[in-house]
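If you follow the hints, you should be able to join the two separate chains into one complex; please do so.
These protein sequences, in sequence, are chains A and B.
Quick note: the first sequence uses the working numbering, first residue 1, plus one each step.
Quick note: the second sequence uses the working numbering, first residue 1, plus one each step.
None of these hints come from the bench; they were simulated from the model.
By construction, the Cβ of each residue, glycine as well, lies at the ideal position given by its N, Cα and C atoms.
Be careful, since some hints might not be right.
Between beta-carbon pairs, the in silico distance windows are [as the list claims (entries may be wrong)]:
#1 B:Q118 <-> A:Q294: 56 to 62 angstroms
#2 B:Y304 <-> A:Y74: 52 to 58 angstroms
#3 B:R24 <-> A:L222: 20 to 26 angstroms
#4 A:Q267 <-> B:I124: 37 to 43 angstroms
#5 B:R77 <-> A:L222: 53 to 59 angstroms
#6 B:G72 <-> A:L222: 53 to 59 angstroms
#7 A:Q294 <-> B:K117: 35 to 41 angstroms
#8 B:I168 <-> A:G158: 50 to 56 angstroms
#9 B:L158 <-> A:H120: 56 to 62 angstroms
#10 B:G64 <-> A:V206: 54 to 60 angstroms
#11 B:G64 <-> A:V288: 21 to 27 angstroms
Some chain B residues well away from chain A (every beta-carbon gap over 12 angstroms; in silico) [as the list claims (entries may be wrong)]:
#12 L39
#13 I78
#14 E85
#15 E91
#16 H165
#17 N166
#18 V226
#19 R248
#20 G262
#21 T271
#22 V303
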Amino acid sequence: MTAATFTGSRTAAEAAAPNPNRRRRLRPARAFLHVFLIATCIVWIAPVLYALYTSLRPYADTAKHGYVSVGGHYNLSNYTTAWNEADLPLYFKNSAIITIPALLITLWLASMVAFVVARHSFKFNLAMLMIFTAGNLLPQQAIITPLYKLYITIPLPGWLSDSGHLDDSFFGLILIHVAFQTGFCVFVLSNFMRTIPHEITEAARVDGASEWRQYWQVVLPLCRPALAALATLEFTWIYNDFFWATVLMQTGSNRPITAALNNLTGQFFTDNNLISAASMIVAIPTLVVFFALQKQFVSGLTLGANKG
Amino acid sequence: MNHLASITLSQPGRNRRLRRYTKRDRAALTLMGGVPLLLSLAFVWLPALATVALSFFNWTGIGGFSDMKPAGVNNYRIIFSIYPEFPPAIEHNLLWLLVFFVIPAPFGLFLAHQLNKQLRGSRIYQSILFLPVVLSLALVGFMTELVFSPTQGLVNNLTGHAGQHNLIDWLGNPSLNIWAVLIMACWRQTGYVMILFLAGLKSVDPSLQEAASLDGANEWQSFRHVVWPALRPINIVVVVVTVIESLRAFDIVYIINQGTNGLELLSTLITANIIGETSRIGFGSALATILLVISLAFVLPYVYTTFRKDTRS
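Next comes chain B alone, as it looks inside the complex (with noise of 0.2 angstroms):
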């Protein structure tokens, strides 16, 4: 697709050229780019400025705006300081991040490069690996459940461990739970990667790999030197989807516990400063905007190198 798109892009004659538009023309095309934009503007990108900004003020949101009052960084002083449940968070997430780096990432290109090998009954495994991905989020919250279930569950009546003298509990054990969720969450992650690099290995000029191979190398030498300079684009991509769904994890410990008792995640913590009978507006936004702030910082830099690339051509 990338070829089409810069054949298309590269007659500069045409799009360059000075356009004279009607009133109609002209009324059409900012209704169709306005509204659209409008609500993303009002919808999305007001809140995530609003969060910044309430992030400095104290307001319980039970009356009105004359109840905010300015709170300067306190809460951003409360929240590294003395709220217990921030550490647990931040380290939850970071190691949701390196765990999703360290398994569904290069499990999932391995996969892919075995899958892209004219395998008989590619698609059958490919659907079964697959498979997890259209399942949500709190479906896969559900399986934990039962997977894990303490006496109930699949993993411990298999191992043995299901006795009340032996038993291991998976979601009520603070030090254990989150390795029981990220386990689930690797299995959907899995998947999903797969796919992407599936994606990008159709897009590597299978000669190039058969001349290698001709030339002697091994597979991992043809790998190396020939497959993964080529998957550049796509581990970029990778590598954003990666970070993106390890900052949004949410529904998995929401269902289990509403992400307490060894699973706190941000995400639960302003979720719960929002919903819970205390509703901290300010402290929430703080917490969000810290959140916001990290992902900012992966998103847009990818984005504006993406389509720079894509308007300078």
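Isolated chain A, as found in the complex (with noise of 0.2 angstroms):
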């Protein structure tokens, strides 16, 4: 990422001095492009815009003008509906419950292995890195039978599950979630940790400092940002898994929102206003993490990319 960044500035660098005259000659073409940027995002931008809209509108008065219309009233009661009737409040906190430990945890176990495999030169480190990296960009689907048999047969304290087992409980969803997306974080933390100069820990070395000391006061330190970018982008991913939570939680109640929407349509969402604001409450954390985070995520995905 740094390298990137480099290049990234002294480009910038470079155009703010740019030729006058060729500057002068491009106009009419960058206004044209501009023309086309604007509409392209547009129609970009249109679903949402669309949703949101239509969320504002009571349903009564989409179904008199019709839902491409002006007019009538705009409030947020659908908003207020959705988030009490069917209980989102609970939704939000079994996504928290799923998503932060796994998170967390993600990030601790993959900056762990990539310390094994990026900062030592052991000889099965070429096959740690394929395993881990492979295993993520399996689909889900593609293991998911056995997977789940495994799950209904692996017992699990009362107190951890209330089916008993792996299946249908917070811990089974959590360490699928581990086990799939730490191949990821592997990739991009290995090639971040390969950037820190091997004299740095060569000299805790000579200092006497253990391996995990090495690891844990020195090399993580360090890399800092790139946890950050991993972690806003796992945030999302994880928050915004489907499948393992529609296959492997079964009790509605304890779905995660982004799950438990499909649920509830038919069943409290009656109308497409009703789905628009309930879709909407359930992008909010997403959308607030982009904006607000918008370089982590997009340095998350690229620091993943910038390889090859």
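Here is the structure:
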């Protein structure tokens, strides 16, 4: 990432002093480009704006005037109805119970693996990296059948799971997120850790620091930018998960909000206005993360991609 | 980042020096690498192998392992000969792949190339185009229902097809609904590809393009001969992302109608065979094995070449 931002800023510096003749010559093309981009952006944002607009109108008004129309009332009643009647706070709580531990454990485990493979030259490093990265790229549906059987077989103490098994428990969902997402984080973090000069851990070793201390007190603090980037990305991915929760969590009231929305539709959300409002509510956490931490989000994606 | 990585790696003495670890360090490193490895093996790779093994059995999954009956390749024979949902599912997965290669990949590259031109407001354009990527695919499924709903949707109302006499049933018509889904899938995928290409373009040395345009190259020539060759590593990533995302496609169609009536996909067939009322573990596994083999054919060469290059340098 350091190199990417470095080249990025150099580009900006060079473009700040362009040839004045060339700039004038390009102007009509630039104007056309802006028109094209604005048009594209309007098309791109239209579905979201349509959902937002629909969510602000009572069903009775849209039924009378039509969905693509102006007029009638505009208020937040769909939001309060969705929030209260479908018990959305409960599902947000479920999402938090799953997402936060899964995120933290994933980053912790992945950073340890990355430390082992990126800061040492063991023979099995290549195999380790392949196992983790390839595992993350498998379609979830390709492994779900035996995984589901495994989940309903493995017993779990009652305080961890109502069903007495990994299946239908928060613990089981956290576990599969960790096992699956660790792969991507190992890939990104090991690339990042390779860019930390070897002299730093060498010095710590000479001073008698154990491997654990080199990891915890030297390397990990230096990985903060990469960890921040991964945290935003993984938060979004785990929060947005639909498949694991749909298959591995049968108790509807224990589902995280992304998966719960599907059950609630038809049961509580009977018209498009309510569905729109509920969709907007569900999107809020990811939208907040995206707008507040867009730089981290994008650099997390590109940290993984800028490598090849 | 690649430059930095190769610089640190090209100090072989430091890397290859035989290092002697104390017992405690050895134990620490074993645990640090071993525990996550065990998790990945137990919950990703073991199920992957078991998928292949189970595909050669008949098993309702209700009784214990004793109810498993060897089936040879019978499950596969059924899939390829008389299972009516299989041909449309494969067709839709291939169509998904084709559309992802033909629309979001080039359009994402085009947008990235334009947005890389130090435009005023480039950040705002980027944010808007990237916005769908942060929404979950399940939510994109709900958006598809909103936008393409026959009577209440945006598309039909804007084009005047919401009335009873000329209604276009985007979601219910089995030859139309896959296109409605694909339009929304492309809506999300384009921003993803665009961001990947933007990152790749940032690492193209701008002085090369400058030199090319001084030599009289037009925009297309400088893109074709300067930018495109430098994007090779990103192109590989985009190909892998495109293939994987098309094979994983599930959420949008599952939200709309659980992958039936014109929206069959390999992933929904697999799911229907394990969580449906009649669970057919062996049969579902045979479908999953087909999906697994197709994805590994792309994933393994990619992962292998990526990491071999690293460890060699």
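For each hint, the structure was consulted:
Look at B:Q118 against A:Q294: about 19 angstroms separates their beta carbons, and that is not inside 56 to 62 angstroms. The beta-carbon spacing between B:Y304 and A:Y74, approximately 57 angstroms, falls within the hinted interval of 52 to 58 angstroms. Look at B:R24 against A:L222: about 23 angstroms separates their beta carbons, and that is inside 20 to 26 angstroms. Distance hint check: the CB atoms of A:Q267 and B:I124 are about 39 angstroms apart, consistent with the given range 37 to 43 angstroms.
Range check, B:R77 to A:L222: Cβ separation about 56 angstroms, and the 53 to 59 angstroms hint holds. Look at B:G72 against A:L222: about 55 angstroms separates their beta carbons, and that is inside 53 to 59 angstroms. The supplied range of 35 to 41 angstroms is broken by A:Q294 and B:K117, whose beta-carbon atoms lie about 20 angstroms from each other. Range check, B:I168 to A:G158: Cβ separation about 53 angstroms, and the 50 to 56 angstroms hint holds.
In this structure the supplied range 56 to 62 angstroms holds for B:L158 paired with A:H120, their Cβ-Cβ distance being about 60 angstroms. Between B:G64 and A:V206 the beta carbons are some 58 angstroms apart, a value that agrees with the proposed interval 54 to 60 angstroms. In this structure the supplied range 21 to 27 angstroms is violated for B:G64 paired with A:V288, their Cβ-Cβ distance being about 48 angstroms. With a least CB separation of 5 angstroms from chain A, B:L39 falls inside the 12 angstroms interface cut-off, contrary to its annotation.
The non-interface label for B:I78 is consistent with chain A: the shortest C-beta to C-beta separation is roughly 16 angstroms, beyond 12 angstroms. With a minimum CB-CB distance of about 14 angstroms to chain A, B:E85 clears the 12 angstroms threshold, and the non-interface call stands. Even its closest Cβ contact with chain A, about 17 angstroms, leaves B:E91 beyond 12 angstroms, as expected for a residue assigned away from the interface. Distance check on B:H165: its Cβ is at least 16 angstroms (rounded) from any Cβ of chain A, clearing the 12 angstroms threshold; non-interface status holds.
Once the 12 angstroms rule is applied to beta carbons, B:N166 is consistent with being away from chain A; the minimum gap is 15 angstroms. Non-interface status of B:V226 relative to chain A is upheld: no Cβ of that chain comes within 12 angstroms, the nearest being about 14 angstroms off. Against chain A, the non-interface label of B:R248 is violated: not every CB pair exceeds 12 angstroms, the least being about 5 angstroms. Once the 12 angstroms rule is applied to beta carbons, B:G262 is consistent with being away from chain A; the minimum gap is 19 angstroms.
For B:T271, the shortest C-beta to C-beta distance to chain A comes to about 6 angstroms, within the 12 angstroms cut-off, and the non-interface label is violated. Distance to chain A contradicts B:V303 as a non-interface residue, since its nearest Cβ pair spans about 5 angstroms, not more than 12 angstroms.
When each numbered hint is compared with the structure, violations occur for hints 1, 7, 11, 12, 19, 21, 22.
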